Structure formats: C-alpha cells, structure tokens
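S.K.: Whenever a hint applies, use it, and build me the whole structure from the sequences.
Top line first, the protein sequences correspond to chains A and B. Just so we're aligned: the first sequence equals residues 1 to 226 in this note's numbering. Just so we're aligned: the second sequence equals residues 1 to 226 in this note's numbering.
None of these hints come from the bench; they were simulated from the model. Mixed in with the good hints, there may be bad ones.
Put simply, identical chains are the same to the list, so a pair is met inside one copy or across any two.
[Stated by the list, open to error] Capping the alpha-carbon separation at 20 angstroms, the derived lysine to any residue pairs in SDA-like fashion look like this: (1) Lys80 - His55; (2) Lys80 - Leu141; (3) Lys80 - Tyr52; (4) Lys80 - Ser69; (5) Lys80 - Val157.
Here the structure is a predicted model, which is why all the values come from computation and not from measurement.
Number of protein chains: 2
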Amino acid sequence: MIVNVAMLTLTNQIRLVSEPMTNEAPDGTGRGGATSRREQLLSAAAELFARYGFHGVGIDDIGAAVGISGPALYRHFRGKDAMLGEMLTGISERLLHGGRARTVNTPDPITALEALVAWHVEFALTNSALITVHLRDLDSLAEPDRHRVRELQRGYVEVWVETLLQCRPDLSEHTARASAHAVLGLINSTPHSARLDPTRMSELLHRMAMNALLVERREGDEADGA
Amino acid sequence: MIVNVAMLTLTNQIRLVSEPMTNEAPDGTGRGGATSRREQLLSAAAELFARYGFHGVGIDDIGAAVGISGPALYRHFRGKDAMLGEMLTGISERLLHGGRARTVNTPDPITALEALVAWHVEFALTNSALITVHLRDLDSLAEPDRHRVRELQRGYVEVWVETLLQCRPDLSEHTARASAHAVLGLINSTPHSARLDPTRMSELLHRMAMNALLVERREGDEADGA
DNA sequence: CAATATAGTTAATGATCGTTAACGTAGCGA
DNA sequence: TCGCTACGTTAACGATCATTAACTATATTG
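M.R.: Below you can see the structure in the form of structure tokens.
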C-alpha cells in the first residue's frame, strides 16, 4: 500500500544475492556494536510511522523496508504495538535523561537554559522521524506504555519549567509551562521545515528559541496565582 | 473502538426521544444559518482525527459522535476520504485568504507581520483540532486533494516569507522560510499545550513569536546565496 | 392525497491487516 | 553427527472497516 511493488520484490532478491546474513551480534537483544535487526526495524518503522501514521503502516511495509517480509517481525517484537511502545518510551527516556544531564552542575540559570535548548535542537535535528512519531502517535499506544510515556514527557517539560523559572522569576508557573511548550513546538517544527544546512539551522533555532523565552514582559503576568 | 459502548447506544436513544429532527436548513449543502449535518460531521470528525489519526477513526465513530450511526454519513459525503479532503482544503484556504487579507494595505512591514501573527494565533486557538489534523494527516489524502492542499500551504508560507523579508532585509530567503516554519510551529503547538486562558495565551504566543522573528542577527547570515 | 426527495436504519460484501501456524534452514555446541 | 536455537518463509484465520444494498420514515410539494 505504501512502497512500490518493485522495491518489495527487489529487496528480497538482493538479500538472497548479496547480504552476508547478519553476522553482527549473536543475540537478538541488540547488545552488539553494529546495528541489529531490532534496531534496523525500529529505525525503518519510525520513518514509516512518521510519514503515514501508526495505523497507516502495515506490518508488511515495515518488513519490506529492511528486506524481510511480513511476519518475520514477530521474531524480534511481540507485535506492532510493542514496536511503537519501545520507540516512544525510548525517545522519551533519552530526552528526559539528556535534559537532566545538561542542566545539573551549570554555573547559572541562563547557561542551563542554553544547554537545554542546544540539547533539544540537536536531538530534533538528528531524530526528526522520532520527533514526529512522538507528537503524532502517542494516542495509538496501549495503556501501560502510554502512561509511562506521558510521565516521562511531563518530567521533561518540568525540567524546562524549572530552568525557565530560574531565569525568569517574573513568570508564573502556568506561563512558564506554556512558554516551554511553545518553544518545544518551535524546535519540533524541524521535520516540516524547509531546512538549511544543519549548522545554520541549529544556530537559527537556538537563537529564535532563546529570544522567544527571554522576552521581557510588561506588568501583571503572574496575577492568576494557582 | 474509540468511544465507550454506552455512549454509542445512548445517543441513539436520545435522538429518538428528544431530538427535533434537524429543523434548520432545508438543503443538505449547509447554506442555512444553523449548523447543518455536514458541518456537525466535519467538526466531529476533525476532533476525532486530531486525537486518533485519520486511519484510527472509523466511520461508525464519526456517525456516533453526532448521534447517527455508521453509513448514514454517505448521505452527506462521498466517503471518508472526501471528508478529510474537504477539511484540509477548507482550513488551508481559510488560512491563506485570512493571511493575505491581513497583510494588504498595511502602513508598514512590522504592522503587517503583527497582523499575520495575530491572525495565526487567533486561528490556532480557535481551531486547534483542525490545526492538528492538518499537521498530522496530510499524507492520508488522495492525490488530487493533497496537491491542492500543498499548494495552498506553500502560498501561505510565502505570505509569511514576503512579509518577514520586508521586516528583515538582512535575512536570506532560505533563512526567512525556515524562520517562518519555526514560528508557525511555535504557534501550532497550542493543541499540545497546557493552555492559559485565551487572552493571556494569545498575548504570550504573540509576544514570543514576534521576538523569535525580530531577533537581530550578527554578521554573515545570507552568505549562502541561492 | 399522491409523489418525491431527504435522511436515516440494518445487513451484506469485499478488502485489508495483525497475528498465528506450520514449516525450512543455517550455524553451533555437546 | 545430533539436536537446538535463531531467523526466515508462505498459508491460513479472524477481526475490522469502508462501502454498498435494500429498505423505512418523514416532510415538502404539486
């Protein structure tokens, strides 16, 4: 339904002729250095989910994207839902831990905020498919995973809110949270954007984000209390 | 699959008991003043598509959301695809025409940019479901509609780029386009955001957007030429 | 009042899709 | 060499879902 039929059959042909039959890590858990089948599948699925949405991608499409066909996927994942779950919890954990790591032991709040912005910009530019899926298909997740992802997301936003409040004591917590969401939206727009080269794009997003966050506001912002 | 079963059956009951059987506009094209069935269906579908994605919503879910059941939808639309098509072309046209209308006959470029920001902020706050669908399900569109929507989107971004370039002659066109996308991402983040009350939210987004756009840059931005 | 258009209903159909079953094979350790 | 495991394959199953068919009721109109 998605890729052309030529590619479906061709990849199979190619696999039989030229592929050295996965000589990387012996175990299926992907502990080895080279990219295991699991990682190949997750990466391909992320790309497909980003473009067509979770429900718009079939198991056969995912398999075909890495040169295997259809149900072979069940040798590596418990199912299609499990792939999405692993994908989203993975990205959420990486974001949260990266954000935390970059804000502790900083000399002053502004430096911490700069580090946070730099971290998210770098992540979004490097993993744009994951960013798209994480914005798009969270509600396609089954309950145990969805709750976990939401908690991780909340924690990540909390890192932003705390850092921002230290830079801007004039803001209410509500306003700081809304500002954080807005700037994350700005940075996460990269997948849809006409991109410059990575260096310029990174600089541009960084500067826009900092200036959006550090605007001086006039009187009466935190009047709404709780 | 989406709404609970109780609601599905209950709405049917309620319809039989209390609904005055659509006494608004006589024609099905929705020319009348009150909301016609078509508009009810479009609105409900937008909400559902926004939350679950186009492929995640069934025809029965859409019908149930307005108190009719399943295939009754085909009395108003040629199919599910046609609903999405109408939804996305509609929103894209409204955005483009609104943007154009607000930038002609402005005294100076900065005022035009303010008007553009105000327009998009107002639109995004008022139609957050449509914004989400339009970011999310464009690729679920069949070919004639998709092309049209993309052209309208491109035109809208072009309005932003032209206005921004008048305010910021120091920017290259590439940089202006990337900036426009980024600010649209900032404003479009509203659906995912912990919202303040509309007035404060609107002010916050407006101020953040203007400051993101009107940052003074240091030397050497437009050096990349074409 | 008959006729017709409008807007519903339920049942059936056909395609798609996730998942499982049954089976094959290459590599490897005892 | 004998099995065991990892990793594929294709075929079948069952559910879901968009769409169509067949039918009903209400309201307007000549």
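S.K.: Does each hint hold? Answer for all of them.
M.R.: We went through each hint and held it up to the structure:
1. Lys80 - His55: So Lys80 and His55 pass the 20 angstroms test inside a copy (10 angstroms) and across (15 angstroms) alike.
2. Lys80 - Leu141: within (10 angstroms within a copy, 23 angstroms between copies)
3. Lys80 - Tyr52: Cα proximity of Lys80 and Tyr52: in one copy and across copies (15 angstroms, 16 angstroms).
4. Lys80 - Ser69: within (14 angstroms within a copy, 30 angstroms between copies)
5. Lys80 - Val157: neither (28 angstroms within a copy, 36 angstroms between copies)
Checked against the numbered hints above, the structure violates only hint 5.
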